[in-house]
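Chains as they are written, first to last, in numbering that gives the first Met the number 0: chain A, 0 to 351; chain B, 0 to 283.
Any given hint could be a false lead.
Computed footprint of chain B on chain A; a stretch qualifies when at least three of its residues, placed anywhere within it, have a C-beta under 8 Å from a C-beta of chain B [what the hints assert, rightly or not]:
1) 66–74
2) 110–119
3) 276–285
Derived by calculation from the structure, the hints in this document are not laboratory data. Note that beta-carbon positions come from the ideal geometry of N, C-alpha and C, so glycine has one too.
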Amino acid sequence: MQPAKILPKSAFPGWIDFLKRSYTVVGPKAMHGQTVFGEIETADDLTLEYNQSVIPPKKYLVPQREVLIEYKLDGTEVEAKFNEEATVVFGVHTCDLHAIKLLDLIFSKGFTDQHYAAHRDNTIIIGYECLTTCGPESFCRSMGTASAPESAYDLHIIDMGSDYFIQIGTERGEALFTGYDGVFTATEPDYARMNGTLSDKWQRFPYRLDVDVTEIPDLLAESYHSDHWQELADICLACGMCTQVCPTCYCFDIRDEVDVTLSVGKRVRSWDSCQIDSFALVAGGHNFRETRAARQRHRFMRKGKYQFDATGMVGCVGCGRCATACLVDITPIKTFNELYRRQQQQPEEVEA
Amino acid sequence: MTSLLDQTRFSESIYKPTMARIVDINDLTALDRLFTVELPDGVYLDHQPGQFVKVSVLGVGEAPISISSSPSRTRQTFELAIRKVGDLTGVLHDLQAGAMVGIRGPFGQGFPMDRFKGKNLLFIAGGCGIAPLRSLINQVLDDRGSYGHMQILYGSRSAADLMFKDELHEWENREDVELLLSMEKADIDWPACTTGYVTHLFPQIELDPRNTIAVIIGPPVMYKPTIAQVRNKGIIEGNIWLSFERRMKCGVGKCGHCQINHIYVCRQGPAFQYQHVKDLQEAM
Numbered sequence: 000m001q002p003a004k005i006l007p008k009s010a011f012p013g014w015i016d017f018l019k020r021s022y023t024v025v026g027p028k029a030m031h032g033q034t035v036f037g038e039i040e041t042a043d044d045l046t047l048e049y050n051q052s053v054i055p056p057k058k059y060l061v062p063q064r065e066v067l068i069e070y071k072l073d074g075t076e077v078e079a080k081f082n083e084e085a086t087v088v089f090g091v092h093t094c095d096l097h098a099i100k101l102l103d104l105i106f107s108k109g110f111t112d113q114h115y116a117a118h119r120d121n122t123i124i125i126g127y128e129c130l131t132t133c134g135p136e137s138f139c140r141s142m143g144t145a146s147a148p149e150s151a152y153d154l155h156i157i158d159m160g161s162d163y164f165i166q167i168g169t170e171r172g173e174a175l176f177t178g179y180d181g182v183f184t185a186t187e188p189d190y191a192r193m194n195g196t197l198s199d200k201w202q203r204f205p206y207r208l209d210v211d212v213t214e215i216p217d218l219l220a221e222s223y224h225s226d227h228w229q230e231l232a233d234i235c236l237a238c239g240m241c242t243q244v245c246p247t248c249y250c251f252d253i254r255d256e257v258d259v260t261l262s263v264g265k266r267v268r269s270w271d272s273c274q275i276d277s278f279a280l281v282a283g284g285h286n287f288r289e290t291r292a293a294r295q296r297h298r299f300m301r302k303g304k305y306q307f308d309a310t311g312m313v314g315c316v317g318c319g320r321c322a323t324a325c326l327v328d329i330t331p332i333k334t335f336n337e338l339y340r341r342q343q344q345q346p347e348e349v350e351a
Numbered sequence: 000m001t002s003l004l005d006q007t008r009f010s011e012s013i014y015k016p017t018m019a020r021i022v023d024i025n026d027l028t029a030l031d032r033l034f035t036v037e038l039p040d041g042v043y044l045d046h047q048p049g050q051f052v053k054v055s056v057l058g059v060g061e062a063p064i065s066i067s068s069s070p071s072r073t074r075q076t077f078e079l080a081i082r083k084v085g086d087l088t089g090v091l092h093d094l095q096a097g098a099m100v101g102i103r104g105p106f107g108q109g110f111p112m113d114r115f116k117g118k119n120l121l122f123i124a125g126g127c128g129i130a131p132l133r134s135l136i137n138q139v140l141d142d143r144g145s146y147g148h149m150q151i152l153y154g155s156r157s158a159a160d161l162m163f164k165d166e167l168h169e170w171e172n173r174e175d176v177e178l179l180l181s182m183e184k185a186d187i188d189w190p191a192c193t194t195g196y197v198t199h200l201f202p203q204i205e206l207d208p209r210n211t212i213a214v215i216i217g218p219p220v221m222y223k224p225t226i227a228q229v230r231n232k233g234i235i236e237g238n239i240w241l242s243f244e245r246r247m248k249c250g251v252g253k254c255g256h257c258q259i260n261h262i263y264v265c266r267q268g269p270a271f272q273y274q275h276v277k278d279l280q281e282a283m
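With these hints in hand, go ahead and build the complete structure from the sequences.
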């Protein structure tokens, strides 16, 4: 890895202005008491000390709505469309970096999704080390996602008070300093300060799960027939908010839209939700996941077990957004802990 | 020459269809039509029986449709039996020969014909399950010497719902095919037709359970009782094959709609060995 950089905070606004010359720059912004990722004009627009954004920065890689192909209705022209906007995403929390690492695996596995790949190629990710936990619903430390995964970021920023310690993840990340002279190469004392900053942070990150992250896949496998899914279904409104705000949910719908001229149209992908009752409905009327209990179970099984089996990564990164968004207080912390409590009450199976 | 799969996979986007021409349309029943589709010059369909393609009408949408023609009778053209049940299939039924449709695929895992060779075959279809099964039947008929005895059980609501009637007569007349029909209303003059469901045909068949592969394709309600009958005949779980229908948007293991527990039907199926799915609650 390349040596890290030191950026004095006094030089930070200038660096943002420098980046703005070549890129669209987006980052966390305060809005109505919450944080949203949006385009920034100057460093003043950024709110780097933020609690979890409402919608994860995933939206720059898997947009809520995206045109896949455009065509003439007579079929004489069919053209694939790709993202071409060079964007820097600033201030991505470590849990969201883990989520991006998972999305990278999903969209490249088997068939490569070229539309995701185009977003990834054109989007530079700048992580931001969390030094305090986001709130009572966040459990990143339990999930092992409170530190940055190396493969997901181009640069990663650690706030050291008067200056920023910036880890270099990729060559294109390092190139963001090419031609900018307000930055310095980190020295041994800088590394020592950075390690001190990281060491201090852990006391502010409580473990909130009673179960260890490595036990979650087996816990869910053993909880498949638990009564708890029906208990969740009894209060669940099937609104789908939990999946809309999730940084690792990527299921989608594809629909055609016809232009008013009736001569051209487009095929559009948009976020979908396994919590909506028609998600597994086929023509003819059979619904393969008809009950809310089955859909809640599917959601948690996907996060805790299925994605782990498919990619080696647990599909929940502990951000807590689904808990904040849920209108009836279904939360992953309570759910995992309740399943674990019931598992511990089961008598151990004695091997014959 | 390029296979359609390579064309789909290595084009700029896996979601970009190849435009193909409908060259023939034939009524199968009041609700089912057989579409013969011709790929562009230089492109051929290289598929396994049991695989599907994503079929689209530009401006309307896209749906997974199983391939009804056998690989042995398919190259630049192939056949799709399509029931009018939804928005897209409604529009497809309004098309005339000469119309263009978008095709992606073929996707998923079909039936492993190499493993079926030398075995006796028990093919069981319910309703429009005969459409994908026909691909398998004709593949066997075109390579008849490679397989053992072939029994076909086909359950239909009534004579009016029978698909591929001409071919049923051909199969019925062959010495090396045993064809039995069941109907809820047995309103047809047929040598071997039983009133009831396809499960009611089992008392009439004899088979060597140690050397027989059973393939079951039909509506969701058919699987459990039919599998029970097949197991009752002594056929082991590893020799029972199924094909599942699911909602699908992408066809390539991304969109999430077709998942059965951890399995993506579009990637690991739609053809499955029973023993691999029997414990999955969402399967049947």
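Per-stretch coverage check for the stretch 276–285 of chain A, three Cβ contacts closer than 8 Å to chain B: holds (count 7)
Quick check: do three or more residues in the stretch 66–74 of chain A have a beta carbon closer than 8 Å to a beta carbon of chain B? Three-residue rule met by the stretch 66–74 of chain A, so holds; n is 7.
Annotated coverage of the stretch 110–119 of chain A by chain B, confirmed only when three residues or more have a Cβ within 8 Å: Our answer is that it holds, as 5 residues pass the Cβ test (under 8 Å) against chain B, meeting three.
Violation of the numbered hints given earlier is absent; every hint is satisfied by the structure.
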